[in-house]
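Enquirer: Residue numbers (full-length UniProt numbering): 1 to 532.
None of these hints come from the bench; they were simulated from the model.
Be careful, since some hints might not be right.
To be verified - No more than 20 Å apart at the CA atoms, straight line, and that leaves these computed lysine to aspartate or glutamate pairs for EDC-like:
| no. | residue 1 | residue 2 |
| --- | --- | --- |
| 1 | K285 | E98 |
| 2 | K495 | E324 |
| 3 | K186 | E258 |
| 4 | K159 | D217 |
| 5 | K323 | E311 |
| 6 | K323 | D503 |
| 7 | K323 | E501 |
| 8 | K139 | D128 |
| 9 | K139 | E311 |
| 10 | K323 | D502 |
| 11 | K495 | D320 |
| 12 | K323 | D128 |
| 13 | K519 | E328 |
| 14 | K159 | E207 |
| 15 | K519 | E324 |
| 16 | K495 | E311 |
| 17 | K323 | E298 |
| 18 | K159 | E234 |
| 19 | K286 | D128 |
Just so we're clear, the structure is a prediction, and the values are computed from it rather than from any experiment.
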Amino acid sequence: MCVLSKISLASTVKENIVRKPACLRVLFVVLKDVESANPHYASVVDYGPSHCVGDPCPVVGRERKEMSQRRIRGVTGTQNGNVAQEEKHNSPEFTYRESPLTVLLEHSLHIRAIYHIFVVILLVLLCDTVIYDLIERGKINIGVTSVLRGFGDIRRGVKLWLFELAVALAFYPALRIYGLVRNIIKHHASLCKIWAVFGILCVVGLELVLVAVPVRDLANTYLALASSAVVTCEMFRFVMKICAAAVACAPRCHSGNEPLPTISQYVYFLFAPTLIYRDEYPRTKKIRWGVVVFHFLEVSAIIFYNSFLWERFILPYWSDYGKEAQVEAGTVVRGMFACVLPGVISFLCGFYCLLHAWHNAFAEMLTFGDRLFYEDWWTQSRFSSYYRAWNRIVHAWLRDHIYRPLAPRAGRAVSTLLVFLVSAAAHEVILALSFGFFYPVLMVEFGVFGLLMLPLTANSSRRYPNTSNLMMWLSFFIGNGLLWSLYTMEYFSRKNCPVSEDDSFFVPKSWSCPEIVLKPNWTFQNPFYIIY
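Given the sequences, and given the hints that come with them, work out the whole structure.
Expert: Below you can see the structure in the form of C-alpha cells.
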C-alpha cells in the first residue's frame, strides 16, 4: 500500500474514532506504519493512552489543540503542492533526522527512477568515451586523464591540508591556557578585560595564519584545479569551526560554571558534518559500513561523471579558444548554449556529491545522527527559502555568527547584505585560487542578481508559486551555463593567447583575446518580413 493511501486510511479512521472505538487499535497500527514510511508525518498525531475510547476523546482534543497552535505560528500551508516545513526556532538544533533524498529514494519509486536515469546517463557517457577513444586513437580512456590533471600534485595538497589541520588543533591548547589564566585573574576586572581582548586577538591571529599561508602558497605556485578547491574549501571549513568553538566556549571561560570541552569532543567536532559546536550530538548506535562504502562509490562516480561532461561537452567547444586572433560571435553563442545542460547536470551532481553523499558518508562513520544537511530546495519558489534550504550547514553558521549578532544593532537589511557579501567573497576566493585568476561571475550572479531576487520572489511566490519555481529553475539553467562557458573561456584564453605585459590576475584576458566579431556579410533582417 502506498504512503498516500495509508494517510487517507488514517484520516478515515481518525474521523470515526469517537463513534467506533473498535478502530482505535487499527488507528495506532496504521499511523505508526505511516510514520515509519515517511518521517515528515511524525509527531502529527499524539499517540495517547489506549483507554481513550469515550466521547469526547482527549487524544483528539490534544491533537486539535496542537494543530491550532501550529496554525497560529504559521506552520501549516502548502508550497508547490508540498507541505511547508515548520519554523524551527523552538525545535532543538540537532535531532535524529535523515536527509530528504535518503527518505525519497527509500520510499518513492519516482525519485528512484530519476536516480536510475542519471546512472544510465553516466553509463552512456562511459560507453561513448570508451568506444570513441578506441576507434579514434586505438586506446581506452575512461576519463582518468582529466581526473588526474584535476587532482595533480596531490602530495602538495595533502601537505597544505595537514598544515590547516594542525592550526585548527592548535586552538584547543590555546583555549585551555586562556581558560586557566582567566580563572586565576577572575577577581580582577581590569585584567579580565585585557585578557579577553588578548584572547580575541589570538583567535583572529590564528584565523589569519590559517588563511594567509595556503592563500600565499596557492597564489605563488599554481596547484591543480580540484586540489586547490579542496585545500581552499577545507581552509574555510576550519576557519568556521574555530570561530564556532571560540564563540561557544568563551562564556564558559568567563563564568567558570561549565567545564571546557575535552580534546575528544573538539576533535570530533572538527570532523563532524556541522559548523555549530555542541559538546554532544545525537549519535546512532552502530556504523553501517555498507552505507559508507556506497556513498564513497557515489562520490567517485560523480567525479568521473564531471570528467566525462568536461571531455565530451566542454573541450570540443572551448579547448581551441584563443588560438586564433578572432572568433565569430555565433560560435561563442552556440558554445554558451551548449554549456547549459552539462552545466545544470554538473550543478545537480555537485550538490548530490558534496551535500548528500560525502556528508552522509562521514555522518555514518562518525555515527552523527542529524543528517538534515539540506532541505527540499528544488521545490522552493522564493530565493530566500532556496538560500536557507540549499546548504543548512553553512546557513546555520552564517545565521548564528553573522546575522543574529548584527541584526539587533544594524538591522535585518544590513545583516542580510553582509551575509551575502561574506558568502560571495568566500566563494570567489575558492574559485580564484582554483582557476588561477579572478573572474567574479559567481559574485555577480548570486551577490547581485540573487540579492535583487529576494524581494521580487517574496511577493510573487505567494500568488504564483509554480511560476516562481519555474523562473527559479530557469535562472539555474542560465546561470550555470554562463558559469561553465565564461570560466572556461577565460581559462583557455589565458592558456592559448600570447603572453602580454598587460596580463593581470584581476583583469579578464578573454575580454581582449580573442576578438569576438560578427560575420563580414552579417546584416540584420526583420524576422517578420518574409519574402518568397
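Enquirer: Taking the hints in turn, state whether each one holds.
Expert: How the hints compare with the structure:
1. Annotation: proposed proximity of K285 to E98 holds, straight-line Cα distance about 15 Å (limit 20 Å).
2. Taking the CA atoms of K495 and E324, the gap is about 12 Å. The hint holds against a cut of 20 Å.
3. Using a Cα cut-off of 20 Å, the hinted pair K186 and E258 holds, with the two alpha carbons roughly 15 Å apart.
4. Taken as a hint, the K159 and D217 pair is honoured in the structure, with Cα atoms around 11 Å apart against an allowance of 20 Å.
5. At roughly 19 Å between alpha-carbon atoms, K323 and E311 fall within 20 Å of each other, so this suggested pair holds.
6. With a C-alpha separation of about 16 Å, the suggested pairing of K323 with D503 holds against the 20 Å cut-off.
7. Restraint check for K323 and E501: the C-alpha separation of about 18 Å stays at or below 20 Å, so the hint holds.
8. The suggested pairing of K139 with D128 holds, with an alpha-carbon distance near 13 Å, which does not exceed 20 Å.
9. Between K139 and E311 the alpha-carbon distance is near 15 Å, which keeps this suggested pair within the 20 Å criterion.
10. Our distance criterion of 20 Å between C-alpha atoms is met by K323 and D502, whose separation comes to about 18 Å.
11. With a C-alpha separation of about 10 Å, the suggested pairing of K495 with D320 holds against the 20 Å cut-off.
12. At roughly 27 Å between alpha-carbon atoms, K323 and D128 are farther apart than 20 Å, so this suggested pair is violated.
13. Proposed proximity of K519 and E328 is supported: the alpha carbons are some 7 Å apart, at most 20 Å.
14. Taken as a hint, the K159 and E207 pair is honoured in the structure, with Cα atoms around 18 Å apart against an allowance of 20 Å.
15. Under the criterion of a C-alpha separation no larger than 20 Å, the hint pairing K519 with E324 is consistent with the structure, at around 15 Å.
16. With a CA separation close to 17 Å, the supplied pair K495 and E311 stays within the 20 Å bound.
17. At most 20 Å may separate the alpha-carbon atoms for a hinted pair to count; K323 and E298 exceed this at roughly 37 Å.
18. Of the supplied pair hints, the one linking K159 and E234 holds, its CA atoms being roughly 12 Å apart against a limit of 20 Å.
19. Between K286 and D128 the CA atoms are separated by roughly 41 Å; this puts the pair beyond 20 Å, and the hint is violated.
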